[in-house]
Amino acid sequence: MPLRTRHLLGIEHLDKDEIETILDTADSFKEVLSREIKKVPTLRGKTVVTLFYEPSTRTRTSFEMAAKILSADTVSIATTTSSVQKGETLVDTVRNLEAMMPDCVIVRHPCAGVPDMLSRICRGSVINAGDGAHEHPTQALLDAMTMREKKGRIQGLRVAIVGDIRHSRVARSNIHLLKKLGADVNVAGPSTLIPPDIDKLGAGVTTEPIKAIRDADVVMMLRIQQERMDKSFFPTLREFAMLYGLTREKMKHARPDAIIMHPGPMNRGVEIDHELADSNASVILDQVQNGVAVRMAVLYLLVGGNPAQGPSTGGPS
Amino acid sequence: MKLLIKNARAIDPSQGLDDTRDLLIVDGKIARVEPSISDGEAEVLEAVGLVVTPGFIDMHVHLREPGREDKETIKSGCEAAAAGGFTSICCMPNTNPVNDTRAVTDFILARAKESGIVNVFPIGAVTRGQEGRLLADVGEMREAGCVAISDDGKPVWNALIMRRALEYAGMWNMPVIDHCEDLHLAEGGVMNEGYYSTALGLRGIPAMAEDIMVQRDITVAGAVGQHLHVAHLSTAGAMAAVRDGKRRGIKVTCEVTPHHFALTDKEVSSYDTSTKMNPPLRSEADRQVLLAGIKDGTVDCIASDHAPHTFDDKNVEYDYAPFGIVGLETAVSLALDRLVNSGLIPMSRLVALMSSNPARVLGLKGKGSLRVGSDADVTVLNPQKKVTVDSERFKSKSHNTPFNGWKLKGAPAATIVAGRIVWRE
Numbered sequence: 001m002p003l004r005t006r007h008l009l010g011i012e013h014l015d016k017d018e019i020e021t022i023l024d025t026a027d028s029f030k031e032v033l034s035r036e037i038k039k040v041p042t043l044r045g046k047t048v049v050t051l052f053y054e055p056s057t058r059t060r061t062s063f064e065m066a067a068k069i070l071s072a073d074t075v076s077i078a079t080t081t082s083s084v085q086k087g088e089t090l091v092d093t094v095r096n097l098e099a100m101m102p103d104c105v106i107v108r109h110p111c112a113g114v115p116d117m118l119s120r121i122c123r124g125s126v127i128n129a130g131d132g133a134h135e136h137p138t139q140a141l142l143d144a145m146t147m148r149e150k151k152g153r154i155q156g157l158r159v160a161i162v163g164d165i166r167h168s169r170v171a172r173s174n175i176h177l178l179k180k181l182g183a184d185v186n187v188a189g190p191s192t193l194i195p196p197d198i199d200k201l202g203a204g205v206t207t208e209p210i211k212a213i214r215d216a217d218v219v220m221m222l223r224i225q226q227e228r229m230d231k232s233f234f235p236t237l238r239e240f241a242m243l244y245g246l247t248r249e250k251m252k253h254a255r256p257d258a259i260i261m262h263p264g265p266m267n268r269g270v271e272i273d274h275e276l277a278d279s280n281a282s283v284i285l286d287q288v289q290n291g292v293a294v295r296m297a298v299l300y301l302l303v304g305g306n307p308a309q310g311p312s313t314g315g316p317s
Numbered sequence: 001m002k003l004l005i006k007n008a009r010a011i012d013p014s015q016g017l018d019d020t021r022d023l024l025i026v027d028g029k030i031a032r033v034e035p036s037i038s039d040g041e042a043e044v045l046e047a048v049g050l051v052v053t054p055g056f057i058d059m060h061v062h063l064r065e066p067g068r069e070d071k072e073t074i075k076s077g078c079e080a081a082a083a084g085g086f087t088s089i090c091c092m093p094n095t096n097p098v099n100d101t102r103a104v105t106d107f108i109l110a111r112a113k114e115s116g117i118v119n120v121f122p123i124g125a126v127t128r129g130q131e132g133r134l135l136a137d138v139g140e141m142r143e144a145g146c147v148a149i150s151d152d153g154k155p156v157w158n159a160l161i162m163r164r165a166l167e168y169a170g171m172w173n174m175p176v177i178d179h180c181e182d183l184h185l186a187e188g189g190v191m192n193e194g195y196y197s198t199a200l201g202l203r204g205i206p207a208m209a210e211d212i213m214v215q216r217d218i219t220v221a222g223a224v225g226q227h228l229h230v231a232h233l234s235t236a237g238a239m240a241a242v243r244d245g246k247r248r249g250i251k252v253t254c255e256v257t258p259h260h261f262a263l264t265d266k267e268v269s270s271y272d273t274s275t276k277m278n279p280p281l282r283s284e285a286d287r288q289v290l291l292a293g294i295k296d297g298t299v300d301c302i303a304s305d306h307a308p309h310t311f312d313d314k315n316v317e318y319d320y321a322p323f324g325i326v327g328l329e330t331a332v333s334l335a336l337d338r339l340v341n342s343g344l345i346p347m348s349r350l351v352a353l354m355s356s357n358p359a360r361v362l363g364l365k366g367k368g369s370l371r372v373g374s375d376a377d378v379t380v381l382n383p384q385k386k387v388t389v390d391s392e393r394f395k396s397k398s399h400n401t402p403f404n405g406w407k408l409k410g411a412p413a414a415t416i417v418a419g420r421i422v423w424r425e
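So the protein sequences, as listed, match chains C and Y. Residue numbers for the first sequence follow the numbering used here, beginning at 1 and rising by one. Residue numbers for the second sequence follow the numbering used here, beginning at 1 and rising by one.
It is worth saying that the hints were derived from the structure and are not from the lab. Some hints could be false.
[As the list claims (entries may be wrong)] In silico EDC-like cross-links for lysine to aspartate or glutamate, where the CA-CA straight-line distance does not exceed 16 Å:
| hint | chain 1 | residue 1 | chain 2 | residue 2 |
| --- | --- | --- | --- | --- |
| 1 | Y | 6 | Y | 34 |
| 2 | Y | 29 | Y | 69 |
| 3 | C | 231 | Y | 187 |
| 4 | Y | 314 | C | 92 |
| 5 | Y | 314 | C | 88 |
| 6 | C | 180 | C | 36 |
| 7 | Y | 6 | Y | 43 |
| 8 | C | 151 | C | 286 |
| 9 | Y | 266 | C | 197 |
| 10 | C | 150 | C | 24 |
| 11 | C | 39 | C | 17 |
| 12 | Y | 246 | Y | 296 |
[Unchecked claim] Cβ pair distances, simulated, as ranges:
| hint | chain 1 | residue 1 | chain 2 | residue 2 | range |
| --- | --- | --- | --- | --- | --- |
| 13 | Y | 284 | C | 120 | 52 to 62 Å |
| 14 | Y | 297 | C | 200 | 32 to 42 Å |
| 15 | C | 123 | Y | 113 | 50 to 60 Å |
Owing to the predicted nature of the structure, the values given are computational and were not obtained by experimental measurement. Yeah, the Cβ is synthetic: ideal placement off N, Cα and C, and Gly gets one too.
Build out the structure end to end from the sequences listed, making use of the hints.
Right under this line is the structure:
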C-alpha cells in the first residue's frame with residue numbers, strides 16, 4: 001500500500017495504516033543491513049538532498065547511509081558551508097536547489113513549520129528531519145520499530161516519556177504515533193517543561209517520574225539542554241538529575257522486562273545513569289541501527305515507491 | 001460645491017437617527033438632513049438600498065512612511081483607506097524616524113495633504129524613539145496635530161513613564177494608547193500560548209502577558225484620573241479588566257480588531273505567516289468574549305491595526321516573519337458580515353464602533369456625526385453586497401492578509417471626504 005502523501009512532514013497527519021506500512025517496509029529493509037554487500041538498486045538515478053540548518057551527526061548520517069544503500073545520489077548542504085552564510089533566505093536557497101531537480105529534500109531546521117513551507121515549494125518529496133519543537137517523524141518511526149522488535153507489538157504497551165517535554169519534537173512525534181497505534185503514553189517532567197494542553201494530544205501527564213514509569217514496558221528518556229537553565233526552567237542540572245534522571249532505583253518501578261530508550265545524544269549522568277545506559281535493558285544502539293532501516297523505508301515509499309514521472313518512466317533497459 | 005445624497009437609510013448614533021433621509025452637503029459641511037431635499041445645483045448620489053453613516057475612522061493604522069515606503073506610503077495607505085470605506089485614519093508613530101517630534105508630525109500631515117484623499121490624524125510617540133525612557137515632545141506634537149500618544153508595537157514598559165505620560169497628555173485631554181504586553185512573559189513568542197502552540201511546536205505568547213499590562217494600566221489611569229485607551233484588545237482577561245474599570249468610573253476605552261473577532265489560533269496550523277500578528281490570534285473562548293464585549297458595549301471601537309509588510313518580508317520561517325497583517329480593505333466587510341449580518345449587533349451599534357466612538361475617544365471635532373454643521377465625511381455602505389476578498393486588487397502596497405478568498409456579505413459603496421467622493425465601487 002503506498003502512502004497517501006508525497007511528503008513526510010510529521011506523524012500527526014499519517015494514519016495507522018500508513019505508519020504500519022512504513023514499519024513493515026523497514027522490517028524488510030533491515031535484512032539488507034546485515035548483508036555483505038549493502039547495496040540495492042531501488043533508488044538508482046534519484047537525487048536526495050540533505051539540508052541541515054542545525055548540527056546533527058546521527059540523523060544526517062543515518063539518512064545519507066539509507067539513501068546510499070538504496071543507490072540514490074546524495075548531496076549534503078550544511079549551513080556553515082553554503083550561501084546561507086551570505087544572507088540568502090531559506091526560500092531562495094530551496095528555489096535554487098529545486099532548479100537542480102532533486103527527487104527529495106530532507107530538511108532539519110530550528111524553526112517549526114519549515115518542512116510545511118518547503119512542501120509548498122518543492123516538486124519532489126520533503127522529509128522532515130526535525131523542525132524546532134514540532135516533529136521528528138523518522139525518530140518516532142525508528143522508536144516504534146524498535147518497540148515492535150523488542151516487545152512484539154505497540155498496541156497496549158505502556159510507554160513513559162521523561163524529561164524536557166516542552167522543547168521536544170521527539171516527544172510530540174512519539175505521542176502522535178504511539179496513540180495512533182494503541183499504546184498508553186505517559187509523559188513526566190518538571191511542570192515548567194510541560195507545555196500547555198499536552199494532554200489533549202492523548203498523553204497522560206505527571207510531574208512525578210515514578211508515576212509515569214510504574215509498570216512501563218518502555219522508558220524513553222529525553223535529552224535535557226544546558227541552556228534551559230538560563231531561562232529558569234529548572235535551577236541546576238544536578239537538581240534535574242536528582243528529580244528526573246533515570247536510575248536503577250526509579251527503574252525498579254517499571255516492568256522487569258522494560259526497555260530503556262533515548263534519542264541521543266545522551267547526557268550521561270544527567271538524564272540517565274551511566275550503568276543504565278550500558279545495561280541490557282538499554283536498546284539505544286538498536287534504535288540507531290533501526291534508524292537506517294526506517295529511513296530506507298521512508299525514502300523507498302516516498303521517492304521510489306511510485307514510477308518516476310516523465311519520458312524515462314520505463315527506466316533503463 | 002454641493003452634493004445631494006438621495007433616499008439613503010441614514011444612521012447616526014450621535015443624534016439617534018435611523019431613517020430614510022436626503023443629505024445635502026455644501027462646501028464640505030453637512031448642510032441639511034431631511035426626509036426630502038431637492039437642489040438643482042447639486043451633484044446627486046442616488047442611494048436607494050444603501051446606508052449612509054458618518055465617515056468611518058480607523059484609529060489604528062501603520063502607514064510605514066517615513067522609512068519603509070516599500071511596504072506602504074502615506075498616499076497608498078490613504079487610497080487603501082478610501083477603498084475600505086474610511087474617511088479618517090490615525091497613523092501609529094513606529095516609523096523610521098519615529099514620530100516623536102513636531103518635524104515628523106509636520107512631514108506626515110504635509111504628505112497626507114498632498115495626497116488629498118482621506119483625513120490623516122497622526123499619533124505621536126509616548127517616549128523618544130519609542131525607547132521607553134524619556135517623554136517625547138508631546139506638547140509640540142499636539143500643537144502640530146497629533147491626537148493621541150502611543151508607543152504602539154511596544155508597551156510602555158515602565159509604570160512610572162506610563163503614569164507621567166497619562167498625567168502629561170491629560171493636560172490636552174489626549175488619551176495614551178497602550179500596546180499591552182508584558183515582554184518577559186511574551187519573550188520569544190510567535191503565537192497564542194495554548195493547545196495549538198504545543199501541537200505546532202511554536203513558542204507561545206500567553207494571554208496573561210496582555211491581561212497583566214491592561215490591569216496595570218487601568219490601575220495607573222484610575223489613580224491619576226486620566227484617559228487610557230487599550231489598543232487591539234484580544235483576551236478574555238483584558239476584557240474583564242476593562243469592563244471592571246469602566247464600572248468603577250475609570251477613563252478607560254478599548255478597541256478590537258476584525259482579525260481577533262473573526263479568527264482564532266487554530267488558523268496558525270498551516271504555518272502561514274499571514275496568521276502572525278501581535279497580539280496573536282487567540283483561543284475560541286477569547287474570541288467569544290470579544291464578541292460579547294462588542295455586543296454589551298464594553299468595546300468602544302473597531303480598529304484594523306493595518307500593518308503592511310512586503311511579500312518577501314513575510315515569505316520566511318514563521319519564527320522570523322514580522323508581526324502584522326493589512327486590514328484597511330477588509331475591516332468593513334468583516335464587521336458587516338460577522339457582526340451585523342450575523343445578527344450580533346444592529347447597524348447603529350456598528351456605526352458607533354467605527355465612527356462616533358473613535359471620534360469621541362480621540363476628541364476629533366466635527367467628525368463622527370451627520371449633524372448639520374459637521375464635516376461632510378460620509379461612508380456609504382451596501383450591507384447586502386456579496387464580495388470575495390481579492391488581495392491582488394488591494395490599493396495598499398502590501399497584500400499580507402489571511403482573508404484572501406473569503407466570501408463576505410456587506411461592503412463599502414462610497415467614501416466621501418469633506419463633501420468630495422474620493423472612492424466609489
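Practice task
List, from low to high, the hint numbers that the structure doesn't satisfy.
Solution key: 2, 6, 11, 13
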